[in-house]
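Modelling step: build the complete structure from the supplied sequences, incorporating the hints.
For reference, the chains in residue letters:
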Amino acid sequence: MKTPPPITLPQGVRDILPEEAERIAKVESAILSTFKRYGFRRVITPLLEYVDTLSLGMGRDMKTKVLKFMEPGSGMVMAIRPDITPQIARLVATRMRDYPLPLKLYYNENVFRYADGGGERSKEILQIGAECVSGDASPEADSEMVVMAIDALKKTGLKDFKIDIGDVGFVKKVLARLAVPDEEKRKIKDAIAKKDNSGLESILKTSGGIITGADRKLLLSLATFYGEKEVIKKAMSFSKDPALKESLEYLKKTIDIIGRKGCMDSITIDLGEVRGFDYYTGIIFEGFAENVGTPILSGGRYDTLLEKYGYPVKSTGFAFDVEDIVTALGGNSL
Amino acid sequence: MKKIKPITIALPKGRTLRETVELFNRAGIITGDILSDERRLIFENRKESVRFMLVRAQDVPTYVEYGAADAGVAGGDVLTEQAKDLYEPMDLKIGRCRMVVAEPKGLKAGDNPRHWTRIRVATKYPNITLRHFLKKGIQVEIIKLYGSIELAPLLGLCERIVDLVQTGETLKKNGLLEVETIMEISSRLVCNRASLKTKPKRIKELVDRLSKYISG
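So the sequences go chain by chain: A and B.
Residues in the first sequence are numbered from 1103 upward in steps of one, following this note's numbering.
Residues in the second sequence are numbered from 970 upward in steps of one, following this note's numbering.
Hints are supplied without guarantee of correctness; some may be wrong.
[Unchecked claim] Lysine-lysine pairs mimicking DSS-like chemistry, simulated, CA-CA at most 25 Å apart:
hint : chain 1 : residue 1 : chain 2 : residue 2
1    : B       : K974      : A       : K1287
2    : A       : K1261     : B       : K974
3    : A       : K1225     : A       : K1274
4    : A       : K1319     : B       : K1062
5    : A       : K1261     : B       : K1142
[What the hints assert, rightly or not] Looking from chain B toward chain A, a few residues come up when the C-beta cut is under 10 Å (computed):
hint : residue
6    : P1058
7    : N1161
8    : K1168
Hints listed in this document are in silico derivations from the structure and should not be mistaken for laboratory results.
Note that the Cβ used here is the ideal one computed from N, Cα and C, for glycine as well.
As structure tokens, this is what we get:
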């Protein structure tokens, strides 16, 4: 006699029972009411997209995390969305050009990120996010996103959290100054991402002494440019290039506005941070809570993404991982 | 004054533990002889508000990635093999060794690694091994073992191995010769991302204090 196969779910997805669903709903309503107070309006995007369309807005890393399958009729490859931002970019660029800017949108959706081989690293994530599309980049828009994220987290009842702010635009400009092949730049970027200074030093050594003087000093300092506001000042003293100074000025203005809104206690700065989606072009930020090992929110400025969908406007946005916030709150939510 | 935030550090049992503990001892982060009781896996330095846990070397990156430990000490071999998303702010320059490809003496004579096309290799490090040979255009059948790798060629399980060597004594005793070095290895301080962001002062202090006692 054969035993019937157990009734199971694929890796990475799960059911949520009433008790947990209620905790999630509380966090959702705290975040959504904050978003509405800032004048953001909800949009709903589809579960599936054509890979070709989605790919316009995805970097190499995200492309490997897409669960794909074929549309039976057409033979075209479809995907379950791994990220909502490219969908919003498509939506705004193709259907919302007649809306006045700045355009403030939010969403409350699930995404699915597939790990190679479908192992335990596959994950369905409940995301609540906001995007602000405008004609130009401004410290005002960037700081508003950070302050709104802080307000929303406070409203959920979360106490010990930090929003860590960096600037990929700054790091990209530092790398652009180096006269070494792209392969070498990628290695340098990876070492910076890990704050691995000894690794960085050996890369600089093997690259034949092309990177010297101020550039070398700045690269090796990047791994230590984390902490509070004073790191911007420190970075200023290492950066003679006007393009670098411009990035740091922008960042400083953004931080100053956040400070004036009374949120300085909730932020940290890390100029050596290069993680996040490939589409980020400027200020990036992530939220961390003390008892959760991974970021509870991440976001940043992406000024070239909408252009890829044919609409040359700029944008900044972020998304919360709702279940991580529930975990961070532990038993004492709201 | 705000209360200082406690931190937890995961230390690897095995090959490098004694050296690691000595370094932390010199830096004043560990006091007393914590290795006298072999069965104790968690201990605390109250004065410094630091807690230590002893775990398997291969498990250190996992504890740190999930934030169960704020920081840890892990070998470059384990870190490269597992490729977890961690900060690696410092090379501690202890536990030094090399990861090499080795084969029996008899095979080495007249063998040219550049002409290999398909080989069978036993190792504890399947990911590193696969990447190393694929990069050279060599197809490789990997046999994952958990220890005593150097026995595998003797027993005819495979022709070649990828393993760590410190002095080369073990290879020699088993009639094996080094063919090439894949990477140089040492122990590193690793750190959880959220810990570095939420406790930046403590992590900076840890790095600063250890860096004063790193030699070479």
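Evaluation of the provided hints:
1. This hinted pair does not check out: K974 of chain B and K1287 of chain A have alpha carbons roughly 37 Å apart, beyond 25 Å.
2. Taking the CA atoms of K1261 of chain A and K974 of chain B, the gap is near 15 Å; set against the 25 Å cutoff, the hint holds.
3. Among the hinted pairs, K1225 of chain A with K1274 of chain A is inconsistent with the structure: their alpha-carbon atoms are about 30 Å apart, more than 25 Å.
4. Taking the CA atoms of K1319 of chain A and K1062 of chain B, the gap is about 22 Å. The hint holds against a cut of 25 Å.
5. Taking the CA atoms of K1261 of chain A and K1142 of chain B, the gap is about 59 Å. The hint is violated against a cut of 25 Å.
6. Restraint check, P1058 of chain B versus chain A: the minimum CB separation of about 5 Å is within 10 Å; hint holds.
7. Restraint check, N1161 of chain B versus chain A: the minimum CB separation of about 6 Å is within 10 Å; hint holds.
8. Because the closest C-beta pair between K1168 of chain B and chain A is about 8 Å apart, less than 10 Å, the hint holds.
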